[in-house]
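Protein chains in written order, with the numbering used here: chain W, 1 to 336; chain U, 1 to 531.
Take the hints with a grain of salt, since some may be wrong.
Claimed, not checked - Capping the alpha-carbon separation at 30 Å, the derived lysine-lysine pairs in DSSO-like fashion look like this:
#, chain 1, residue 1, chain 2, residue 2
1, U, Lys93, U, Lys149
2, U, Lys146, U, Lys196
3, U, Lys316, U, Lys402
4, W, Lys60, U, Lys124
5, U, Lys402, U, Lys232
6, U, Lys196, W, Lys60
Think of the hints as simulated: they come from the structure by calculation, not from any bench. The structure displayed is predicted, hence computed values, not measured ones.
The lines below spell out each chain.
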Amino acid sequence: MTSFFLKRLALIIPALAGVSLLTFALVHLIPGDPITIMVGIRGLTPERHAEMLHQLGLDKPLWQQFLMYDWNALHGDLGRSIFTRQPVMTEFLQRFPATVELSLAAIVFAIVIGLPAGVLAAVKRGSWIDHTVMTASLTGYSMPIFWWALLLILLFSVQLGWTPVSGRLSAEYWITPHTGFMLIDTLRENDFDAFENALWHLILPAIVLGTIPLAVIARMTRSSMLEVLGDDYVRTARAKGAAPWRVILVHALRNALIPVVTVTGLQVGMLLTGAILTETIFSWPGIGQWMVQAINQRDYPVIQGGILLIACAIILVNFLVDLTYGLIDPRIRHPR
Amino acid sequence: MRKSIAALALGASLAAFSLPALAAKTLVYCSEGNPNGFQPALYTDGTTFDASSRTIYSRLVEFKPGTTEVEPGLATSWEVSPDGKTYTFHLRKGVRFQSNFGFTPTRDFDADDVVFTFERMLDKSNPYHRVSGGTYDYFNGMGMPKLIKAIRKLDSYTVRFELNQPNAAFLADMAMDFASIDSAQYADKLAKENKKQDLDLKPIGTGPFELVAYQPDSMIRYRAFPQYWRGKAAIDNLVFAITPNASVRWAKLRAGECQIMAYPNPTDIKAMQADKSIEVLSQPGLNVGYLAFNTEKKPLDNVEVRKALYMAINKKAIVDAVFQGTATVAVNPMPRTIWGYDQSIKDYPHDPAEAKKLLAKAGYPNGFETDIWAMPVSRPYNPDARRMAVMIQSDWAKIGVKAKIVTYEWGEYLKRLGQAEHRTALLGWTGDNGDPDNFLNTLLGCAGVHTTQNIAQWCNKPYQNLMDEALQTTDQSKRAKLYEQAQVIFHQQVPWVPIDYSTVYMPMSKKVRGYTISPTGAHIFYGVSLE
Chain W
1 MTSFFLKRLA
11 LIIPALAGVS
21 LLTFALVHLI
31 PGDPITIMVG
41 IRGLTPERHA
51 EMLHQLGLDK
61 PLWQQFLMYD
71 WNALHGDLGR
81 SIFTRQPVMT
91 EFLQRFPATV
101 ELSLAAIVFA
111 IVIGLPAGVL
121 AAVKRGSWID
131 HTVMTASLTG
141 YSMPIFWWAL
151 LLILLFSVQL
161 GWTPVSGRLS
171 AEYWITPHTG
181 FMLIDTLREN
191 DFDAFENALW
201 HLILPAIVLG
211 TIPLAVIARM
221 TRSSMLEVLG
231 DDYVRTARAK
241 GAAPWRVILV
251 HALRNALIPV
261 VTVTGLQVGM
271 LLTGAILTET
281 IFSWPGIGQW
291 MVQAINQRDY
301 PVIQGGILLI
311 ACAIILVNFL
321 VDLTYGLIDP
331 RIRHPR
Chain U
1 MRKSIAALAL
11 GASLAAFSLP
21 ALAAKTLVYC
31 SEGNPNGFQP
41 ALYTDGTTFD
51 ASSRTIYSRL
61 VEFKPGTTEV
71 EPGLATSWEV
81 SPDGKTYTFH
91 LRKGVRFQSN
101 FGFTPTRDFD
111 ADDVVFTFER
121 MLDKSNPYHR
131 VSGGTYDYFN
141 GMGMPKLIKA
151 IRKLDSYTVR
161 FELNQPNAAF
171 LADMAMDFAS
181 IDSAQYADKL
191 AKENKKQDLD
201 LKPIGTGPFE
211 LVAYQPDSMI
221 RYRAFPQYWR
231 GKAAIDNLVF
241 AITPNASVRW
251 AKLRAGECQI
261 MAYPNPTDIK
271 AMQADKSIEV
281 LSQPGLNVGY
291 LAFNTEKKPL
301 DNVEVRKALY
311 MAINKKAIVD
321 AVFQGTATVA
331 VNPMPRTIWG
341 YDQSIKDYPH
351 DPAEAKKLLA
361 KAGYPNGFET
371 DIWAMPVSRP
381 YNPDARRMAV
391 MIQSDWAKIG
401 VKAKIVTYEW
411 GEYLKRLGQA
421 EHRTALLGWT
431 GDNGDPDNFL
441 NTLLGCAGVH
451 TTQNIAQWCN
461 KPYQNLMDEA
471 LQTTDQSKRA
481 KLYEQAQVIF
491 HQQVPWVPID
501 YSTVYMPMSK
511 KVRGYTISPT
521 GAHIFYGVSL
531 E
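Just chain W, with the same shape it has in the complex:
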């Protein structure tokens, strides 16, 4: 197990180096520079432009900028935002909990609905249940997030008034951020009204963000279940008289789970990407919205640092997924 763990860990270093090089190259390929955007139509002389480039260190050769950046990054310094002049790390840490909270809610929603739906569709293969689940998941998978979000807002928030339109908490509450997780912070302050309010705020964005993973999980579970349900050991289990639900949940599902865990792990990466759109629509103060703004403003340090940190998070999740395989399937833990 230890060598398995170390091998996985060693793969992380080249991955991060690659990410940092790629982001750096991509960021500098986008036309336009932060200074012209910062100053806008309020005239800028070439001299002043050059002076500002120099102040920000953007006049150095690219390779020098890249080496400097990596050197600082290795020391935990990701630079400062060109616009807010705050350290990138601070800005990231302020926002990351919001994204994690939303992503967790979305993935819980996706698993809680997607897994049973997939199992049910597999067990009742060819029935109306199967058809409904498959049609719904295909629709969910192909839904443009932006449109889906606006549709839900118009129905549940504007027409019915059940859920708030956007944000994490209503204006009448103020919760001091300790952990950055609104649900935890409200409970810490024993403010149950605010907790309930935060929960209502979480519902629509979690549904929107969880829709695609839900569809993927449901389809994956179904096909994986269908495969194992036809296997010999399932027939054996049935033959020895195990209860039908026990055959499905214990014998079949556990074996069907490996590919499902894999796609769920991959979906976490997708969630962080999906969060960019979801957060923008729901004014959710997470890293998605932060990155969009940084890209629009060509805030180089924020884009580079943000992507590097997001990459770290995704790599970490995949690492955990790899470890989970080991737990589910002993063959991976003890390679022969």
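Go by the hints and put chain U onto chain W.
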């Protein structure tokens, strides 16, 4: 890491300092984005100004609500020397600064605060000059470092600005956001504690609202400053709910999650006006959208050609299509709301036949090839430049002029305009201070050639002379006459096709009382009450 925790704790300490009561009157404003910071001197964007200069700070002179007329602010009166080079301000007594967790002022506002505010921007050796990046773009962009020779404190309540040359727009400049007054006492205290940057992060001003807490991408909370020198605001708390998407802002307004919103989609205006619980205020904006001819490039250096291209364009059709009734056709290079606007100038008619004749006379009977640059972004003076460009392209095709539409990403677009790569380009301007100079000289003066300001590259001697003379004249009616003459030259020389003056809309709940739209695009909540 420790730093980041400290920054997180900033929000915490501010919140612990004040938790606004729930029952108090709270106005929630759906704003369009994060401020870049809370120090107006460092920035140039309206979103930052709304959250800082217009809430937390005050200035020596200010714009009268809903106008660009200058009225007393922290200065109660002022004198201008006969040569126009010295401005003496008499300061208001008994003005309190706000306080925060680490600072309580022990003295009232006085001349030291004014001197500190301006020296920070002007004097490279000032200990605060380089703090927070030290870029004072608006101040520099308005030519202040060249204009201001010295600032002197004559006594505790009198300050004198000495200028290098007379500039009649100086007073209006002092009402602009970058001229917001900081507390010198607070700055001294922070300098001693080696926390200079806090001056820009934890702002202290003399304005109507004090900052309570800011959570990026989420909300900004203010409470009314009880000792505000004009009197406490009618609302107790002010919340900016940061909502970048215009459709979502509209949904929040309908759902009652905010009472007033910024920048509606032009396509939503009709639905808003039809909604019984919503009131939509509107006012002509302080802006102009235009098509500039690069007068350095052939054949656009020929005034007959420019006139022909002008007359070929159906401006009315463009304004109707692009703005759907939310703008009016422009004639002069500045909006009608500014004093000095020349009412007597009649626009050239839309007349393709006459345009064709003019082209033939100029030696282009079969037309020529050119380009139209279209901005990639939506702005109040031009929400859809691409569509506008297509309409101009088809108008010109009718007189044989083939135009190619060119567009770049916004930063790149501006950079290339500054390098005069275009032949014709769409752009616009929103005024800073309501002075005619801010349109006529900034956008068409010789100093702006080969920058993003005078993209017509048009430097006309008689026109420039009028600009210079007007700046050195303090009598407003005399200045107005000079600007009227300048508009006549503009009309004869046609460096641009002025296309539109757009209207500003502000949708709000019917419970909101007393809001006035500011022509400069500022969102000001002092004076607003809730039913």
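Here is how each hint holds up against the structure:
1. U:Lys93 x U:Lys149: Given that 30 Å is the threshold and the Cα spacing comes to 26 Å, the pair holds.
2. U:Lys146 x U:Lys196: 27 Å, holds
3. U:Lys316 x U:Lys402: Since the Cα atoms of U:Lys316 and U:Lys402 sit roughly 21 Å apart, the hinted pair holds (cutoff 30 Å).
4. W:Lys60 x U:Lys124: 24 Å, holds
5. U:Lys402 x U:Lys232: 61 Å, violated
6. U:Lys196 x W:Lys60: 28 Å, holds
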